[in-house]
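Visitor: Please build the complete structure, drawing on both the sequences and the hints.
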Amino acid sequence: MKHESIKGYLFISPWLIGFLIFVLIPFAASIYLACTEYDIVSPPVWVGSENYRRLFFDDPLFWKSLGVTLKYALIAVPLGTFVGVGLALLLNLNVRGIRFYRTAFYLPSIVPMVATCAVFSWVLNPQIGLMNSMLRLIGIEGPAWLSSEPWAFYSLVLMSLWSVGGSMVIYLAGLKNIPISLYEAAVVDGANAWQRTVHITLPMLTPVIFFNVIMGTINAFQYFAQAFIMTQGGPEDSTSFYALYLFKRSWRYLDMGYASAMAWILFVIVMTITVLLFLTHKKWVHYGG
Amino acid sequence: MAERRKYLKIITASFSLILLFAFLMGWFLKTPDGRKYPDREPVYFWHMWTSGWKKVVEGICDDFNRSQDEYEVIPLSIPANVADSKFLLATAGGDPPDCMAQWNQVIPQFAESRLILPLDEFMSPREYQFFLDHAFPIAQKIAYFEGRHYCMPLALDVRACYYRLDHLREEGLLPDSAPAQISNRAEYQEMLKYMPRSMEQLVTWGWQLHRFDEKGRLARLGFIPQWFRMIAPLFGGGFYNWENGELTLNTPENLRALEYITEKNKVIGFDRLLRFRSSLTGKHGADWPFAVGKRSITIDGQWRVSQLEKYAPDLPYMTAPLPPPREGGKEEAGWVHGNFMIVPVGSKNPQGAWAFIKFWTGFDDPEHAAVHYTKAGWLPPLPQIAQSGVFTRYVENHPQFETFINLLDSPNMEPTPPVPFQLLLYDMIKRADESATRGNMTPRQALENLEEGVNNELRRRKKAVQDEK
Chain D
3 MKHESIKGYL
13 FISPWLIGFL
23 IFVLIPFAAS
33 IYLACTEYDI
43 VSPPVWVGSE
53 NYRRLFFDDP
63 LFWKSLGVTL
73 KYALIAVPLG
83 TFVGVGLALL
93 LNLNVRGIRF
103 YRTAFYLPSI
113 VPMVATCAVF
123 SWVLNPQIGL
133 MNSMLRLIGI
143 EGPAWLSSEP
153 WAFYSLVLMS
163 LWSVGGSMVI
173 YLAGLKNIPI
183 SLYEAAVVDG
193 ANAWQRTVHI
203 TLPMLTPVIF
213 FNVIMGTINA
223 FQYFAQAFIM
233 TQGGPEDSTS
243 FYALYLFKRS
253 WRYLDMGYAS
263 AMAWILFVIV
273 MTITVLLFLT
283 HKKWVHYGG
Chain V
662 MAERRKYLKI
672 ITASFSLILL
682 FAFLMGWFLK
692 TPDGRKYPDR
702 EPVYFWHMWT
712 SGWKKVVEGI
722 CDDFNRSQDE
732 YEVIPLSIPA
742 NVADSKFLLA
752 TAGGDPPDCM
762 AQWNQVIPQF
772 AESRLILPLD
782 EFMSPREYQF
792 FLDHAFPIAQ
802 KIAYFEGRHY
812 CMPLALDVRA
822 CYYRLDHLRE
832 EGLLPDSAPA
842 QISNRAEYQE
852 MLKYMPRSME
862 QLVTWGWQLH
872 RFDEKGRLAR
882 LGFIPQWFRM
892 IAPLFGGGFY
902 NWENGELTLN
912 TPENLRALEY
922 ITEKNKVIGF
932 DRLLRFRSSL
942 TGKHGADWPF
952 AVGKRSITID
962 GQWRVSQLEK
972 YAPDLPYMTA
982 PLPPPREGGK
992 EEAGWVHGNF
1002 MIVPVGSKNP
1012 QGAWAFIKFW
1022 TGFDDPEHAA
1032 VHYTKAGWLP
1042 PLPQIAQSGV
1052 FTRYVENHPQ
1062 FETFINLLDS
1072 PNMEPTPPVP
1082 FQLLLYDMIK
1092 RADESATRGN
1102 MTPRQALENL
1112 EEGVNNELRR
1122 RKKAVQDEK
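Protein chains in written order, with the numbering used here: chain D, 3 to 291; chain V, 662 to 1130.
Hints are computed from structural coordinates only; laboratory data are not their basis. A hint or two may mislead.
[As the list claims (entries may be wrong)] Keeping only pairs whose Cα atoms sit at most 25 Å apart, straight-line, the calculated DMTMM-like set for lysine to aspartate or glutamate is:
1. LYS876/V to GLU143/D
2. LYS925/V to GLU238/D
3. LYS925/V to GLU151/D
4. LYS715/V to GLU731/V
5. LYS1123/V to GLU238/D
6. LYS66/D to GLU1109/V
7. LYS66/D to ASP932/V
8. LYS971/V to ASP818/V
9. LYS1091/V to GLU238/D
10. LYS66/D to GLU1112/V
11. LYS927/V to GLU238/D
12. LYS1091/V to GLU143/D
13. LYS1124/V to GLU52/D
14. LYS1091/V to ASP932/V
Guide: Now the structure itself:
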């Protein structure tokens, strides 16, 4: 058994070494760096809790970016879950050409982010974009999506649905995993389609929903690329997401100590939310038998 | 069936072996480094230029490599959005390039962090003195931080007004006798007489040149004052006092400039402007909104002269400095930036880097350097290049370029203040501009916010220095 363990560790050693060097050590180092003034090149200077004090009391953009990110998590995650589950339910139907539909809805989630952003920049152009052209057909003059408040933020929320295919596939796998006998029993008992969905499908799907909500929340708090490419945090910092501001602090202003403190606050927030979700999950997540 | 499976296994195994062999061959074979002159000392040079500009830069490198037999410059184009982080990591890791062409506002920040060498550490005293005595004042200001100079400007970027002469004529803003097209310096000089003398007149012209569609949307933008950092010096303001080294943010002049910009934007309507600007997707070359007629008067840099020559050679246009307001303004004022060469601490070949910089910036041979400058439509850091025969001929053929040459020499042109948090300050000034222009704050509030934010940063830095002591 011991021999087996050694073999196991040897097999995973490339990953372990990588994890130790590129994750664990920087993770530990950032605890120290968060209490220093550090610009990568010069040695860090110990400032104690000063970075945290500045963040909480002197930096309005910190609060603004935290607010933007929280708002995004509160809107985009439930919306993504709702749309993802809805799509999975639809794509679970046994209709002709269902494989094509599944592929079509999944494809956007594998399109590179930069390409997606480029396409959406065009789609959301207020004057010549597809979105406003369609709205004009029904007599509505659409807003300047990416350059006005609060539309820039909601444009990014809207855009997040583009890649909902990724979670949709997981929901679909969850749906396939629900024992058919439950539906058979329900049909025998006279349950209609709505009752079967509400009382069998959704409860049996909650472990998958729980997983996707946790992953979605973590991703929402790390939201960066789309805002970096499309809005650069503007207009008026309305899309200044936490990770984007952290990036600017570290690589644009060379304020690595401050950025490390920001990263630790983010870590604590994400951990707290995850723990809270885990604490509540017994009340709403059903693991079948 | 079993036979077929066996056959498949053999094919898969053979294919895997071929792949493994190819991988191992790639592993063991020496990667060709593509050096043309392997016996020379290498000079690793990073830059951020791409497409057409990359070719120009590589042409300069090739020309340098041909010009001597000691060094070989090896250029590498780095994507602009990761260039700074790559440079920082390479320098911190002890393996930086020998020099890098930058255009982000990083000099004071990099200098304070001891990331880059001051010029006097790799130039001879005579050469450094030559730089101090001859380089344009603005070239020296861009390189300056706390009493020393940290970069060599390769090319300076100066902004002025571009006027569409056909639009002006159509609106009756030019007399019939005015030249229809600028093809020589005499015509340029004559046309200068008709250009607006004041900001107020320019804005009035702009209003006359606006075009709206049937729904009231902007179809063509005449002119609207924008860019607080550009307009503030014209109103007698600016952001730095070079005599006492202090920031000047919330001043009456700056307030007046920001109020003026805000007021004029409000008249046309911010939402209307926003929608119009969003539709102007072309930024480079042939699709530049000015070239396609979407703008009649616009503020832009000298590089457009060579672009217009290439993409719209028949376009009737004129360039002139942005005029100051009628009262309390400064002539030939504005914001300047540029491309500059930095030599990182840890450069393995700073002398090779300097030889290359000297070649590019024409320290020894301004006539030869002028060939590159005129090819790219760049503004040189040394008057010797601007006065060279090659450059003079270029300006004769491109009379609109003269505006920018003249502005280079103006004492009222200013870069972003040389403070160690220059990029943060730049972002804060832009934020104040945006808040006021969008109407989310009054100009006064925006400037007060700016000043307070900067003072917080200054206090923090002062405290950090005291704590360190």
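Visitor: A separate judgement is required for each hint: does it hold in the structure or not?
Guide: To see whether the hints hold, each was checked on the structure:
Taken as a hint, the LYS876/V and GLU143/D pair is honoured in the structure, with Cα atoms around 11 Å apart against an allowance of 25 Å. Proposed proximity of LYS925/V and GLU238/D is supported: the alpha carbons are some 20 Å apart, at most 25 Å. Taking the CA atoms of LYS925/V and GLU151/D, the gap is near 21 Å; set against the 25 Å cutoff, the hint holds. Distance restraint check for LYS715/V and GLU731/V: the Cα-Cα separation of roughly 24 Å lies within the 25 Å cut-off, and the hinted pair is therefore satisfied.
As the CA atoms of LYS1123/V and GLU238/D are separated by approximately 29 Å, the hinted pair breaks the 25 Å bound. Restraint check for LYS66/D and GLU1109/V: the C-alpha separation of about 19 Å stays at or below 25 Å, so the hint holds. Note on LYS66/D and ASP932/V: the hinted pairing holds, with a Cα-Cα distance of about 24 Å set against a maximum of 25 Å. Using a Cα cut-off of 25 Å, the hinted pair LYS971/V and ASP818/V holds, with the two alpha carbons roughly 19 Å apart.
The hinted pair formed by LYS1091/V and GLU238/D meets the criterion: a straight-line CA distance of about 10 Å does not exceed 25 Å. The straight-line distance between the Cα atoms of LYS66/D and GLU1112/V is roughly 19 Å, inside the 25 Å bound, and the hint therefore holds. Taking the CA atoms of LYS927/V and GLU238/D, the gap is about 17 Å. The hint holds against a cut of 25 Å. For the hint linking LYS1091/V to GLU143/D, the alpha-carbon distance of about 29 Å lies beyond 25 Å, and the restraint is violated.
At most 25 Å may separate the alpha-carbon atoms for a hinted pair to count; LYS1124/V and GLU52/D meet this at roughly 11 Å. Proposed proximity of LYS1091/V and ASP932/V is supported: the alpha carbons are some 19 Å apart, at most 25 Å.
Hints 5, 12 from the list above are not met by this structure, while the remaining hints are.
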